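Undergrad: If you read the sequences in order, they're chains Y and G. Residue 353 in the UniProt record's numbering is what sits at position 353 of the first sequence, and the numbering runs on without skipping anything. Residue 607 in the UniProt record's numbering is what sits at position 607 of the second sequence, and the numbering runs on without skipping anything.
The set of hints was computed from the structure by calculation and includes no laboratory data. Quick caveat, the model's predicted, so the values are computed rather than measured. Some hints here could point you the wrong way.
Stated by the list, open to error - Straight-line Cα separation of at most 20 Å, PhoX-like style, residue types lysine-lysine; simulated pairs:
hint, chain 1, residue 1, chain 2, residue 2
1, G, LYS551, G, LYS464
2, Y, LYS7, Y, LYS649
3, Y, LYS585, G, LYS660
4, Y, LYS599, G, LYS663
5, Y, LYS63, G, LYS63
6, G, LYS548, G, LYS474
7, Y, LYS595, Y, LYS610
8, G, LYS452, G, LYS551
9, G, LYS585, Y, LYS585
10, G, LYS7, G, LYS45
11, G, LYS660, Y, LYS63
12, G, LYS551, Y, LYS79
13, G, LYS551, G, LYS562
14, G, LYS63, G, LYS649
15, Y, LYS599, G, LYS517
16, Y, LYS79, G, LYS79
17, G, LYS79, Y, LYS660
18, G, LYS517, G, LYS462
19, Y, LYS595, G, LYS585
20, G, LYS660, Y, LYS649
21, G, LYS462, G, LYS452
22, Y, LYS63, G, LYS548
23, Y, LYS517, Y, LYS474
24, Y, LYS595, G, LYS595
25, G, LYS599, Y, LYS517
26, Y, LYS663, G, LYS79
27, G, LYS464, G, LYS548
28, Y, LYS585, G, LYS595
29, Y, LYS464, Y, LYS599
30, G, LYS443, G, LYS517
31, Y, LYS649, Y, LYS63
32, G, LYS599, Y, LYS660
Said to hold, decoys possible - Ranges of calculated distance between the beta carbons of each label pair, as one might list FRET restraints:
hint, chain 1, residue 1, chain 2, residue 2, range
33, Y, GLY547, G, ALA520, 29 to 39 Å
34, G, LYS551, Y, ASP397, 54 to 64 Å
35, G, GLN592, Y, LEU477, 14 to 24 Å
Ideal Cβ placement from N, Cα and C applies to all residues, glycine included.
2 protein chains.
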Amino acid sequence: MSQQAPKDMAAERVAAEFDIEALAHHWHGGRNNYIIMQKAFSLIKSDPELVVQPPRNFVELTKDESREFTMGQIHRLVKLLQDPVIRSQGPEFGEAIFQALVNYSESFSMRIGVHRALFRNVLLMLGSDKQRDEWLDAVDNYRIFGCFAMTELGHSSALRDIETTATYDPNMDEFIINSPTITATKWWIGMAGKTATHTMVIAQTYIGGKHVGHNWFIVQLRDRSTGELMPNVIAGDIGHKVGRSGLDNGWIQFHHTRIPRTQMLNRWVDLDRQGNYTPAPSPVVMYATLIPERVMLVLNSMLMVSHAVTIATRYGVVRRQGNQNQQIMDYLSHYGKFAPAISFVYMVRSAANTLDEQFKILTAGGNMDPEVYMYHMGDMHAISACMKGLTGWYGSDILETCRRACGGHAYSAYNNIGQIIDDWGVLTTGGGDNVVMLQQTAKILLHLLTQKLEFDVYPTLKFKSSTHYFIRAKEYLAIPQWHVTDVTTCLDDLSLIEEALHAILVKRLNTIREELKAGATHNDLLLDSVRAAEMHAAAFLYSDAVGKYSKADSSVDPGVAKIMRRLTGLWGLHSLHTYSDQGFKEGFLTPQQVKQVEKFYLATTKGLRKQLIGLTDAWGYPDFVLKAPIGKYDGDIYEPYFETLLMSKNSIGVPSYHGKYIKPLTDTE
Amino acid sequence: MSQQAPKDMAAERVAAEFDIEALAHHWHGGRNNYIIMQKAFSLIKSDPELVVQPPRNFVELTKDESREFTMGQIHRLVKLLQDPVIRSQGPEFGEAIFQALVNYSESFSMRIGVHRALFRNVLLMLGSDKQRDEWLDAVDNYRIFGCFAMTELGHSSALRDIETTATYDPNMDEFIINSPTITATKWWIGMAGKTATHTMVIAQTYIGGKHVGHNWFIVQLRDRSTGELMPNVIAGDIGHKVGRSGLDNGWIQFHHTRIPRTQMLNRWVDLDRQGNYTPAPSPVVMYATLIPERVMLVLNSMLMVSHAVTIATRYGVVRRQGNQNQQIMDYLSHYGKFAPAISFVYMVRSAANTLDEQFKILTAGGNMDPEVYMYHMGDMHAISACMKGLTGWYGSDILETCRRACGGHAYSAYNNIGQIIDDWGVLTTGGGDNVVMLQQTAKILLHLLTQKLEFDVYPTLKFKSSTHYFIRAKEYLAIPQWHVTDVTTCLDDLSLIEEALHAILVKRLNTIREELKAGATHNDLLLDSVRAAEMHAAAFLYSDAVGKYSKADSSVDPGVAKIMRRLTGLWGLHSLHTYSDQGFKEGFLTPQQVKQVEKFYLATTKGLRKQLIGLTDAWGYPDFVLKAPIGKYDGDIYEPYFETLLMSKNSIGVPSYHGKYIKPLTDTE
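Looking at chain Y on its own, in the form it has when it is part of the complex (with noise of 0.2 Å):
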């Protein structure tokens, strides 16, 4: 049995249609990015600052212990990019070492997160210039470490019902923070707990006694030497968590602290010496620093659920059980799985890149014209919102799938497959809670699409949007049934089932709406809803997937091509088949159909069975990165497995508590 597995894994590679390392070059954007990344993997591997050494193990640090850690790895971190040596090398590789690290550890990830995208973004995005020639620079050289202040015990992060207020003293000119009530407590607040020496907080705005809405203000929270809290600012650790335990989340609580009016982030608001306060031009000013940050969430999210699905499909390859003594990895109930998270894992990747060159061009350019901005940025604000859900949950379900597809060996701490779901508990519901986000799509979508369908609105816009197919709102509700008969002929004409989706997709919605306008509550249909925002996000993978991959690519290695393209097949049956009750309820696809595309999609998932190590490979995470023996590159893992627990202390002897508890009772007669 151990020595199968090895000459199992091997195999595996043998049969990958496509050359692997090619793939991997596509996947890091150039072979250059590949090597780079590599090479930061090689620098921290063996550093003890910043990767656990044996015979300790990552998963068995104590929280305590944790917190210690990823503090270590910012400081090292920070010393490393400030060498002359590693700055020679290029800003590229200072970031791959960044990336690595986030890789490596998802409480180093959010801890230095918090500080460098959160806090950071929001003085660039809604900070004056003066406010960034003010602060930036100590920001990106760790003078300060700021978090983000936004949910409180009571609230989440519902705006409308925030309790902290800042309230205008034109005496002293200076905003007073305030804490109300303890359900008005700051919480969850990533570096709040022990340290970040600055914050930005969102408070209910008040003026002259008058309530003018939420503003950003940052506020010194310790004293950046002694690292006590300043006067007036209680804060504390938020204690255990089920994940991330070298994150110091925290809570904050403010008595009166002031502050100087000059730490309101000015950039689209603005209050004068006088007390004269002018409001931003437009609410989506304010919800754009959202959108960037919700991207890179779906894409960090994406690491873990490719670790997870790395590590399980190797296991799957190298266990075998079963009357024919088979292959895991060949029942159904794992490749059936397994092929279709892989392909997600790819369309994200993929799609998130498209979102992020979209944002760029909306935020760059200064003269569009306003009706195509506003339009492009509700998009940009649904697309994100819903992706964040469907990636939330879809991710939940393949990373319970790599738990269940280990078997018993998922259960162990040492391979990390527990770990990755316990860091993920908080992705759900954190950073908006996927309900509410795929709510704030369906809005969206239910608004854009009474547009058209009843104005014929639709502006001429910079760039194919992830609602362009409500140009064909009309005709698709004309559509009565799905025309194709032979669902086999759908991965030669990717478009077939692009259409599908979408006719889908404007008769869900568009039935929604109508049952609104029939008297309906939001809350009778919250789950078709909700539904429907999340097979919109699924669509909006196969649709940017189609376009980058259906044709001819010259630019393109044609053997990747043609795998991306399966995949792309893949993905788009996969959305068909999960969404296949929308489009019966709609009387759009027969059950004849429904079966059909169940038949077709699963014999396209065995059609991959042989490519998914492959696939996986292409993602480059050395054995460190993914900390779990039963997923080791080579195969060759009861071994390594045993041995990463007899490393662990006490394994073996008499336990302390002997004499107290058992040979009481056993040492009788």
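For chain Y, the structure is supplied; the task is to place chain G on it using the hints.
TA: Same frame as chain Y, now just chain G:
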């Protein structure tokens, strides 16, 4: 916000349309049982050896602390059970104390369960009277601790493939137990890590050079006085796991370990001094041990689900959010999930009781017709396996629902849901992988259906078994479509849904049968088989409850009977909705019916919205068992939640690593 919460909670209790206490009595099997159980909870609550006392928190115990604390609980429990004052209150009270601890700690539950249920049951069911006389008293008085060594590193519980051998040496009249390879190492064995003095071992048995099958052997692992390992046995702790850190799962290797011939369990098999081996009369007698264990596993898993559901339901009624500042439980995405989850808990408890009774009939009476006995045993195996599958998977979904329904606060370890999910991690794969379990059910169902359809074989049974509906198989096959045009009538006559579920099942199973005959492989139809088997379990739950609650029963409080009927009806609609794809595939349900079922199902969940708190109250879990401030009985959640984390060590203050990692970066200009 924080003042409103207890008021909201109180209003929920007022809204209950049944007597909560009467339902609590019903749930506990009578008023007396309920009172004893509450007394047991009171007894353990303040005992520092049984329950972690503040300021320490159960979730903060390290792995080693948890292992020790759990053994301390066992030691204390044994002392309590031997205490004359406790004994004077009858064996029910001792059992209630045990159950109270099972509720309090999953680690305790499984650690002692290995000894009390697994080791002891195997001895009772497979050991001869002589062996029972020799060992039982030591087991029941904890002079030995027994574990159960089935799974191996390389083979989970696929018995055919296990590698451990037991070779009879006629010269010494001994068996030699051996682990020939690393993958033969017994793995995951509860209590083998540090505690167990003895183990049951299943091994490939060789007598006179011939393989005679599997047998169970008693092997001593550790000295009862010193706790040291016995010669030629190596065992150790499996280390860090995803959950149940108080249980010392372990691994065992046998190095030509010798035991007397008399330590082979020989109720059904025998080996005499001359080396003559008598095999078991039927393999059924060897499998039968697993049935009650599986039913117990199902029941215990429902404890975890009901704990999480109680916490999340309570949080759902005290948390307010949204446009109208609603209780979040008022959202369809909340009550639409919790109503069926709560109904499921009630259904499973009821059905598990039925199975327990049926198993007693089967094992008690010796004068049963062999054909009837075999039929029932096959059916019992099938239903217990698919119940494990359904509860494992739907239970996972419910726990994830609970996690998401609590927003970020389920990510705090102090609210226990994360811990429950971690502890749950072992259930979908341990004790028989769910896919394998459901496959086994499907195979038995297909066999029995074939017997009925092709040979009209159906014995006159002792009781209504899970496949009872096969009697009407031909009739069901002849019905083209469901006759019900107004689904809302289904709650007036609960048999309508029962017939629909059974008709769909017979049709689905028959389709699978025909596809197999036409040349499809079992693997091709794996997902279909597994889904049909899962649906069979759901239908059994429904039939069982319909049998119990559809008619007036003078022994049950009328209000209780009424709410139980409503829960039963909801479960039926839930099942019909969940498996409507199956009915649709068979053309039995029209799109119109599927849509009607969904609408009426959701409306029925809405009708139960205000009953949810009362329904969870009836389970009678004290706050200290739930370990979740956000799930407090009185709804006063925020201050206790905050106080809980303030009790944690180093909650506030400059971290120890400030000078090393933070100050060097921030204390610069």
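Undergrad: State for each hint whether it applies.
TA: Checked hints:
1. G:LYS551 with G:LYS464: holds, 17 Å
2. Y:LYS7 with Y:LYS649: violated, 33 Å
3. Y:LYS585 with G:LYS660: Between LYS585 (chain Y) and LYS660 (chain G) the Cα gap is close to 62 Å, so the pair fails against 20 Å, i.e. violated.
4. Y:LYS599 with G:LYS663: violated, 62 Å
5. Y:LYS63 with G:LYS63: holds, 12 Å
6. G:LYS548 with G:LYS474: Violated, because 27 Å separates the two Cα atoms, which is more than 20 Å.
7. Y:LYS595 with Y:LYS610: Distance of about 25 Å is beyond 20 Å: violated.
8. G:LYS452 with G:LYS551: violated, 30 Å
9. G:LYS585 with Y:LYS585: At roughly 14 Å apart (the allowed maximum being 20 Å), LYS585 (chain Y) and LYS585 (chain G) satisfy the hint.
10. G:LYS7 with G:LYS45: Given that 20 Å is the threshold and the Cα spacing comes to 27 Å, the pair is violated.
11. G:LYS660 with Y:LYS63: Status holds; Cα separation ~18 Å.
12. G:LYS551 with Y:LYS79: violated, 76 Å
13. G:LYS551 with G:LYS562: holds, 10 Å
14. G:LYS63 with G:LYS649: holds, 17 Å
15. Y:LYS599 with G:LYS517: holds, 18 Å
16. Y:LYS79 with G:LYS79: With Cα atoms ~58 Å apart, LYS79 (chain Y) and LYS79 (chain G) exceed 20 Å; violated.
17. G:LYS79 with Y:LYS660: holds, 13 Å
18. G:LYS517 with G:LYS462: Cα-Cα ~32 Å, so violated.
19. Y:LYS595 with G:LYS585: Holds - the C-alpha atoms of LYS585 (chain G) and LYS595 (chain Y) are around 7 Å apart, at most 20 Å.
20. G:LYS660 with Y:LYS649: violated, 27 Å
21. G:LYS462 with G:LYS452: Holds, because 18 Å separates the two Cα atoms, which is no more than 20 Å.
22. Y:LYS63 with G:LYS548: violated, 50 Å
23. Y:LYS517 with Y:LYS474: holds, 18 Å
24. Y:LYS595 with G:LYS595: holds, 19 Å
25. G:LYS599 with Y:LYS517: Cα-Cα ~18 Å, so holds.
26. Y:LYS663 with G:LYS79: Answer holds: LYS663 (chain Y) to LYS79 (chain G) is near 13 Å, not above 20 Å.
27. G:LYS464 with G:LYS548: holds, 12 Å
28. Y:LYS585 with G:LYS595: Holds: LYS585 (chain Y) and LYS595 (chain G) sit about 7 Å apart, inside 20 Å.
29. Y:LYS464 with Y:LYS599: Status violated; Cα separation ~32 Å.
30. G:LYS443 with G:LYS517: holds, 14 Å
31. Y:LYS649 with Y:LYS63: holds, 17 Å
32. G:LYS599 with Y:LYS660: Distance of about 60 Å is beyond 20 Å: violated.
33. Y:GLY547 with G:ALA520: 29 to 39 Å: Given a distance of about 37 Å, which is inside 29 to 39 Å, the answer is holds.
34. G:LYS551 with Y:ASP397: 54 to 64 Å: violated, 41 Å
35. G:GLN592 with Y:LEU477: 14 to 24 Å: Check passed, 20 Å falls within 14 to 24 Å.
When held up to the earlier numbered hints, the structure conflicts with 2, 3, 4, 6, 7, 8, 10, 12, 16, 18, 20, 22, 29, 32, 34 and fits the remainder.
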